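Colleague: Full structure from sequences and hints, please.
Chains as they are written, first to last, in UniProt numbering: chain A, 1 to 584; chain B, 1 to 256.
Derived from the structure by calculation, the hints contain no laboratory data. Treat the hints with caution; some may be incorrect.
Said to hold, decoys possible - Chain A residues, not near chain B, derived (Cβ > 10 Å throughout):
{"no.": "1", "residue": "N61"}
{"no.": "2", "residue": "E189"}
{"no.": "3", "residue": "E425"}
{"no.": "4", "residue": "E428"}
{"no.": "5", "residue": "K475"}
{"no.": "6", "residue": "T476"}
{"no.": "7", "residue": "Y539"}
What the hints assert, rightly or not - Calculated lysine to aspartate or glutamate pairs in the EDC-like style (CA-CA distance at most 16 Å, straight line):
{"no.": "8", "chain 1": "B", "residue 1": "K61", "chain 2": "A", "residue 2": "E506"}
{"no.": "9", "chain 1": "B", "residue 1": "K52", "chain 2": "B", "residue 2": "E128"}
{"no.": "10", "chain 1": "B", "residue 1": "K167", "chain 2": "A", "residue 2": "D323"}
{"no.": "11", "chain 1": "A", "residue 1": "K267", "chain 2": "A", "residue 2": "D308"}
{"no.": "12", "chain 1": "A", "residue 1": "K496", "chain 2": "B", "residue 2": "E35"}
Unchecked claim - Covered by chain A, per the in silico footprint, the following chain B stretches (three or more residues, Cβ under 8 Å):
{"no.": "13", "segment": "31–44"}
{"no.": "14", "segment": "75–85"}
All figures in this text were calculated on a predicted structure; none of them were measured in a lab. C-beta atoms are modelled at their ideal positions from N, C-alpha and C, and glycine is treated no differently.
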Amino acid sequence: MKIHKYDTVIVGAGGAGMRAAIESTKRSRTAVLTKLYPTRSHTGAAQGGMAAALANVEEDNWEWHTFDTIKGGDYLVDQDAAEILAKEAIDSVLDLEKMGLPFNRTPDGTIDQRRFGGHSRNHGEAPVRRSCYASDRTGHMILQTLYQNCVKEGVEFYNEFYVLDLLLGEVDGVRKTAGVVAYELATGEIHVFQAKAVIFASGGTGKFFKVSSNAHTLTGDGQAVAYRRGLPLEDMEFFQFHPTGIWRMGILLTEGARGEGGILRNKDGERFMEKYAPVMKDLASRDVVSRSIYTEIREGRGCGPDGDHVFLDLTHLPPEQLDAKLPDITEFARTYLGIEPYTDPIPIQPTAHYAMGGIPTNVLGEVLADNTTVVPGLYAAGEVACVSVHGANRLGTNSLLDINVFGRRAGIAAAEYAAKNDFVELPESPAAQVVGQVERMRDNTGTERVTEIRKALQETMDANVMVFRTEQTLKTAVETIAALRERYLHVSVQDKGKRFNTDLLEAIELGNLLDLAEVTAVSALARKESRGGHYREDYPNRDDVNFMRHTMAYREVGEDGVESIRLDYKPVVTTRYQPMERKY
Amino acid sequence: MSTATLDKQEPKDATGSAAVELITATFRIRRFNPEVSAEASWEDFQVEIDPKERVLDALHKIKWELDGTLTFRRSCAHGICGSDAMRINGRNRLACKTLIKDISPEKPITVEAIKGMTVLKDLVVDMEPFFQAYRDVMPFLITSGNEPTRERLQTAEDRERFDDTTKCILCAACTSSCPVFWNDGQYFGPAAIVNAHRFIFDSRDEGGEQRLEILNDKDGVWRCRTTFNCTDACPRGIEVTKAIQEVKRALITRRF
Ligand SMILES: Cc1cc2nc3c(=O)[nH]c(=O)nc-3n(C[C@H](O)[C@H](O)[C@H](O)COP(=O)(O)OP(=O)(O)OC[C@H]3O[C@@H](n4cnc5c(N)ncnc54)[C@H](O)[C@@H]3O)c2cc1C
Ligand code: FES
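Modeller: Okay, here's the thing in structure tokens:
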């Protein structure tokens, strides 16, 4: 075991982690621990753009953006946070440009902007061009630009280090941050990082679904680690299903395709979104479009022999426009489906995409231990966190924004905290829990296999916790997951070695997915209403009287050692926007 | 050696849709694990798989169902993160962007680590020297004077000038396909030059001269023998050789 000491430790080197690192490295001795090489992070997969009311191409302002974000989130958004997001968006985009990001340009040489779902002029009048973009690889360019600036600032990375535990120490009865414990992939060695401040920026948890736009490595490690240390998880029932994933594979085709004029069609060739969202049509918010697609499919208007998908039609767009604005996604269609998007519509279905919920934080990025108490020295930013700027449904282009605005804020706040505070003494045998976990997994001789449990988990999540949910499906999911967790105790791995043991780490990642899937299903079962991404067929309406509140899920361990989930609720911060019916 | 056999299968996937034609393909994988043996060796695996799936899917099938010790890197599974460059049938490709049907699955498919880099285990190589070469070309925007309050302006044409080289995902497929690099690991390699190009030809950047000096080094662009291996290998379709030529020309004319 090795012990390291840093002022600030950042877990994750995606957009949020690197944006934080650029700030905290200037102000404090910082280490970034990441299970992937920084440029492999899934921020690089983002395509469509990053929202900011620059008003470069048409009238726009941050207040309209705030409103759209709150409405898009079906009024579960904390309005003070949304206002910060929309206001700081402008500098956040300009900062990236100054760091070198090659945005597409207008004829005047300013940053070009395009339409995206749910973003409107003057509170819903018509779509507005607010998304700043670099072709259809905006996330790639953000990730590259941030990494380049980390190189410039001399940020210290520990690549292929998996953080498996968070260390908290008690000082005068207050739980404070002491550090993290990590597993080094190359050697199997355990490292303890003592730190005054820790920032979790470890990304989403989309791999508990089968049809998903998320990378294999998005297994919610940060959320799971925090949860096991007794911290709550907020709004985990809100998961976004993106309307346009490649049929069966889930690979994303950006909403920017519809922003450029792409149209969704059913088997009769009908532009069905006109029925469901007369104003915004194909650019209504994602939850609305995903439900509309499944409604078409359920009512027999789906395409293909099994009627299980619809088409994204780009054939009316000039090939030059597709080449210039959507080169990557048209290539995905060619590579993976053998389809020519110039002439053929692309079969799509909704794909699991984004976790609105996560580790609760305030607007500084400080992690909350309950509805109000901050954990000193602990921060979270990006998809792992729930600020909550996305509420019940995130608008497209608001996450690349979120990682930049709140990554920056967390980086500054953590470094400033580290400057003013001392190290907290490490608990006795700080690595004991991780060593135990790794050894149990390596030595287990049970007959269960990771692949089978993961597959069963993903299948039950797709079948029961997806776009349409009911009491019955959610109960089925909760029971299935409980049984899978039982089987998981008997999982064994084949690779017993120390060197690059990805077999072992996949098993540990599965444990994280199981815990988080359970929290998601239990939280969803308790929310007897429909709001944003959470749609209950048995409670099809939004219920502001009983459920205009955030879910806070805690792990409890009884005296008998039995684990359970306790749900509590937290009020939504409302400033100036009163809930209205959501129409697009 | 086995040949692929075609057999009709009942629908298997969760969507329960039309029958998929599965084939049995042989994957011949170069294995190396110094914890077990100092020698590398080939190992064959037979997998029953839909030929429209990716090589990465086959590797997962092997790892998840046959041999958990098989080790490779991967993340995004659709050609964006750059984790899984490997030599497939003797050519550098991303496993997640190569469909089995496109690489003659009736014969054994060979899979081995990319060349010219130290193999650490199976298909995993040491990427540190590769990233070091990248960092050495100062891959970040260099400017002088006060920052403008708004964005810097750039015409669409100026933006287009370096568009191709912004696509790089640092997968190392190009560098590890280069015969010059195989013989001399000190050579910066195509990927580092591509990333230097991305800044040298960015109208906002003022560090072009510095970068050109770095690449004028004995291990710099002049080592390139224009074999086009890199261009063929690039999974992002970047015209790598052309970019290297442009950097050479800029060194001669000092115009960029
Ligand atoms: C296909 C796709 C397209 C998208 N398009 C858009 C878009 O156009 N606009 C938009 O706004 N949003 C988009 N999103 C959403 C957005 O890209 C993500 O929400 C965002 O990039 C997440 O960034 P992050 O920094 O939080 O996490 P990530 O970029 O996922 O990074 C997570 C980091 O954590 C590290 N990590 C994870 N676990 C551990 C561990 N245990 N120990 C150490 N390190 C760990 C990883 O190595 C990685 O570096 C898209 C998402 C997808 C999947
Ligand atoms: S797994 Fe990301 S490029 Fe292949």
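Colleague: All hints, please: hold or fail.
Modeller: To see whether the hints hold, each was checked on the structure:
1. Remark: the non-interface label on N61 of chain A is consistent with the geometry, its nearest Cβ contact in chain B lying 16 Å away (cut-off 10 Å).
2. For E189 of chain A, the shortest C-beta to C-beta distance to chain B comes to about 14 Å, beyond the 10 Å cut-off, and the non-interface label holds.
3. Listed as outside the interface, E425 of chain A is consistent with that label: its C-beta sits roughly 34 Å from the nearest C-beta of chain B, beyond the 10 Å cut-off.
4. For E428 of chain A, the non-interface assignment is confirmed: its Cβ lies about 32 Å from the closest Cβ of chain B, beyond the 10 Å cut-off.
5. Against the 10 Å criterion, K475 of chain A stays outside the reach of chain B, whose nearest CB is about 20 Å from its own CB.
6. Once the 10 Å rule is applied to beta carbons, T476 of chain A is consistent with being away from chain B; the minimum gap is 15 Å.
7. At roughly 26 Å from the closest C-beta of chain B, the C-beta of Y539 of chain A stays outside 10 Å, upholding its exclusion from the interface.
8. For the hint pairing K61 of chain B with E506 of chain A, the CA-to-CA distance comes to about 14 Å; that is within 16 Å, so the pair holds.
9. Restraint check for K52 of chain B and E128 of chain B: the C-alpha separation of about 34 Å exceeds 16 Å, so the hint is violated.
10. Annotation: proposed proximity of K167 of chain B to D323 of chain A holds, straight-line Cα distance about 14 Å (limit 16 Å).
11. For a cut-off of 16 Å, the pair hint linking K267 of chain A to D308 of chain A stands: about 10 Å separates their Cα positions.
12. For the hint pairing K496 of chain A with E35 of chain B, the CA-to-CA distance comes to about 10 Å; that is within 16 Å, so the pair holds.
13. By the rule of at least three residues with a Cβ nearer than 8 Å to a Cβ of chain A, the coverage given for the segment 31–44 of chain B holds, with 4 such residues.
14. Only residues whose C-beta sits within less than 8 Å of a C-beta in chain A count toward coverage, and the segment 75–85 of chain B has 9 of them, enough to reach three; the restraint holds.
Violation of the numbered hints given earlier is confined to hint 9; every other hint is satisfied by the structure.
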